[in-house]
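Chains as they are written, first to last, in the numbering used here: chain S, 6 to 460; chain B, 2 to 314.
Derived from the structure by calculation, the hints contain no laboratory data. C-beta: ideal position from N, C-alpha, C; glycine also. A portion of the hints provided could be inaccurate.
What the hints assert, rightly or not - Covered stretches of chain B (chain S as the covering partner; in silico rule of three or more C-beta atoms under 8 Å from a C-beta of chain S):
#1 262 to 268
#2 279 to 285
Stated by the list, open to error - Restricting the straight-line Cα-Cα distance to at most 25 Å, the calculated cross-link-like pairs of lysine to any residue (SDA-like) are:
#3 K242(S) with L91(B)
#4 K92(S) with K71(B)
#5 K92(S) with I304(B)
#6 K92(S) with S86(B)
#7 K92(S) with M180(B)
#8 K71(B) with V452(S)
#9 K92(S) with F279(B)
#10 K435(S) with L91(B)
#11 K185(S) with T259(S)
#12 K434(S) with S86(B)
#13 K434(S) with M180(B)
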Amino acid sequence: MLRDHRIKVSLLAVGALALAGCGGGGGGGEDETSQSSALRIVYQTTEANATMDDVMKKAKADFEAAHDGVTVNLEPITGSDEDYATKLALSQRSPDTAPDVFYEDTFKIRSDVDAGYLLNLDQYLAEWDDWANFNDGAKEAGRADDGSIYAVPLGTDTRAIWYNKNVLQDAGVDVPWAPKDWNAILEAARAIKSSQPDVVPFNLYAGTGTGEGTVMQSFYQLLYGTGDTLYDDSEGKWVVGSQGFIDSLAFLQTLYQEDLAVTPAEALDPNVWQMVFGQLFPEDKLGGTVEGSYSPSFWQEGGLVDWPEYGDVMGVAPFPTQNGQEPGAVSMSGGWTLAVGANSANPDLAFEFLTEVMSQENSLEYTVANSQIAVRTDVAKDPAYLDANPFVAEVSELVSVTNYRPATADYPQISTAVQEATEAVMMGKKTPEEAAAEFDAAVTDLVGAENTVQK
Amino acid sequence: MTAAEVVARDAVTRGGTERRGRRRPPGRTVLRLLPLSPAVVLLGVFLAGPILWAFYGSLTNAALTGVAAKDPQWVGLENYTELLSDPDFLQSLWLTVIFVLVSAVLGQNLLGLGIALLMTKASKAVSAVVGVCVVAAWVLPEIVAGFVAYAFFNREGTLNQLTALFGIEGTDWLFTVPMLAVILANIWRGTAFSMMVYQAALNDVPEEITEAAMIDGAGGSKRLWYITLPMIRRSIATNLMLITLQTLSVFTLIYVMTAGGPAGASTTLPLMAYEEAFRYSDVGYGTAIAVVMLLIGAVFSVIYIRALRERKG
Chain S
6 MLRDHRIKVS
16 LLAVGALALA
26 GCGGGGGGGE
36 DETSQSSALR
46 IVYQTTEANA
56 TMDDVMKKAK
66 ADFEAAHDGV
76 TVNLEPITGS
86 DEDYATKLAL
96 SQRSPDTAPD
106 VFYEDTFKIR
116 SDVDAGYLLN
126 LDQYLAEWDD
136 WANFNDGAKE
146 AGRADDGSIY
156 AVPLGTDTRA
166 IWYNKNVLQD
176 AGVDVPWAPK
186 DWNAILEAAR
196 AIKSSQPDVV
206 PFNLYAGTGT
216 GEGTVMQSFY
226 QLLYGTGDTL
236 YDDSEGKWVV
246 GSQGFIDSLA
256 FLQTLYQEDL
266 AVTPAEALDP
276 NVWQMVFGQL
286 FPEDKLGGTV
296 EGSYSPSFWQ
306 EGGLVDWPEY
316 GDVMGVAPFP
326 TQNGQEPGAV
336 SMSGGWTLAV
346 GANSANPDLA
356 FEFLTEVMSQ
366 ENSLEYTVAN
376 SQIAVRTDVA
386 KDPAYLDANP
396 FVAEVSELVS
406 VTNYRPATAD
416 YPQISTAVQE
426 ATEAVMMGKK
436 TPEEAAAEFD
446 AAVTDLVGAE
456 NTVQK
Chain B
2 MTAAEVVARD
12 AVTRGGTERR
22 GRRRPPGRTV
32 LRLLPLSPAV
42 VLLGVFLAGP
52 ILWAFYGSLT
62 NAALTGVAAK
72 DPQWVGLENY
82 TELLSDPDFL
92 QSLWLTVIFV
102 LVSAVLGQNL
112 LGLGIALLMT
122 KASKAVSAVV
132 GVCVVAAWVL
142 PEIVAGFVAY
152 AFFNREGTLN
162 QLTALFGIEG
172 TDWLFTVPML
182 AVILANIWRG
192 TAFSMMVYQA
202 ALNDVPEEIT
212 EAAMIDGAGG
222 SKRLWYITLP
232 MIRRSIATNL
242 MLITLQTLSV
252 FTLIYVMTAG
262 GPAGASTTLP
272 LMAYEEAFRY
282 SDVGYGTAIA
292 VVMLLIGAVF
302 SVIYIRALRE
312 RKG
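Whenever a hint applies, use it, and build me the whole structure from the sequences.
Structure below.
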């Protein structure tokens, strides 16, 4: 009997220990006073860009100095956008590993809110004076389907044509160049091809290799300039069977069939953008391409290549609509935000750290070093921002014609279906009509016929 | 024989009349099994557990993001029926079979055997040099081997630079023939393992038997076919099983070289499972692919284990 009793006691003890272990991560908030708190901060760094790291280290030092007993643990993740998103999502699956504050791509916000990863910030923002300094368009980036704000934007971007003046002038194209419609782009590209056979005339990304780059810097620029869209916001349904989709694929087909862009093999290399920024433009081997407003960050000191002359050699022009129809130009925007984890043991402190990172000073440093477009009005007015690179004013104006991705939970898979359509057309495996039909089938399969609308 | 059987046999040999009276207390078998329990628990937790968990996961719509991440639903066999109607999966399955058969069963296995046979005849210096060269590829971590192979087959890689010396313009191997490139890379990387297994096996073939066959007038090929191969059959089966399972799960090498592209032309099942689970965040679907891989591996294992057993008898 005594032995039985002993076993029972030890089993109980083990069980209690296990329970204690499980509970520690989830609900420890009550006992942890601000005297000894730790915050986990997760963000992305890349080889070409360590700004976020600098800003975070500074914020950590300032925050720890101002708050006694608080430890801020920085956990940078070095990798591509996709790898970062995967790592972050995996860490959020358990409250024990979920970060308190993290760097979040705008187009992931809605699906991550659905997943319950993000804390509703409405009550915090109401008491945060600086929130009034954010411009209204940028505030929308963090809004989810329920109308609440879940993330605070760090910066935004636009997309435009970047062209090499030397190449265009050699082909007899006047600079500054401002093509009025798609045809004007093709004409200039053909002129470059006939005058300089070893130069890539005009590149647009295509295929799954470049991932979101394919759609943001290429396909959507085309599609949103046809009058059609990917997603009908008013009805909340995905668009299938649109002529604009076919026309956009046809434009890519022309570029690749006439050898006006890079070769399909090069286009499928995920690192093709490094070739575009690092070699082709600086060596006068590329006429033009569509890229983000952040492009100068790759040419500035400490970027991908050191190219001090880029301000004189490069020019920027808005991407035109299909036939020059209103509003005449089109752009796409994305950007990054900071969010607070829904399971944070110390949400008040976490939000306070978020505001520390978002201060005017830090925001300015991030915006300038990353060649971002300012989301804080007091940063937008700062001379350091306006003089950051020669193109700030031009790319900032495109905010008036910009579009955002339909960032629903289904979006990542639909984006892949778009990339696959561009790949099939680029490689000559399918006609634009066939590829568009396959995309329609894929979308219908993904979201169900009731969530699509025929245009 | 289990403890229960031992007890039963004892009971029988001691005569039927006593049987009822000597029935052992029910707790005794449990007590006798007790020393085994740590091993059983460990096996259950670390081997059976993950497999069962993966199987369970494949019957849900678990995801990394979206509503399904918060509250995964039981979807029954939906992931599996979807797999069967997914042309990407069927292509991936086919590519996996080709990859395993050509790079492991044929390539690594035959090349490894060939090199091992030649090395029994070669001088010490030659076999040392060849051995180091072959084993070098195997010693490299998989990720490094992947980068080396990428640098070799790449558009501006070593292979094309070599062909350019002879005035032949190479193609972009990773783009035009991605499967051939990854198969060759896997043969290059894995041959050393087969070679070493066969070297060890060939060392165990008694020289007297080979010599006796020689005296009987058997030529080289006959000695190989009737003497050597039958004597190392068990090593062949073991080797085939190990390299098949190893090749079935190759991920890093292909991911570094082609990332499964272009247009899925080198997406074997491990890459597809990774892509579905972590790029498209459809964990349930990715897990279903992993379970299918497990089944394929199990089928191969059963075949090889049966082959092994027959040799014994």
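Legend entry - Hint check, failures only: 3, 5, 6 and 7
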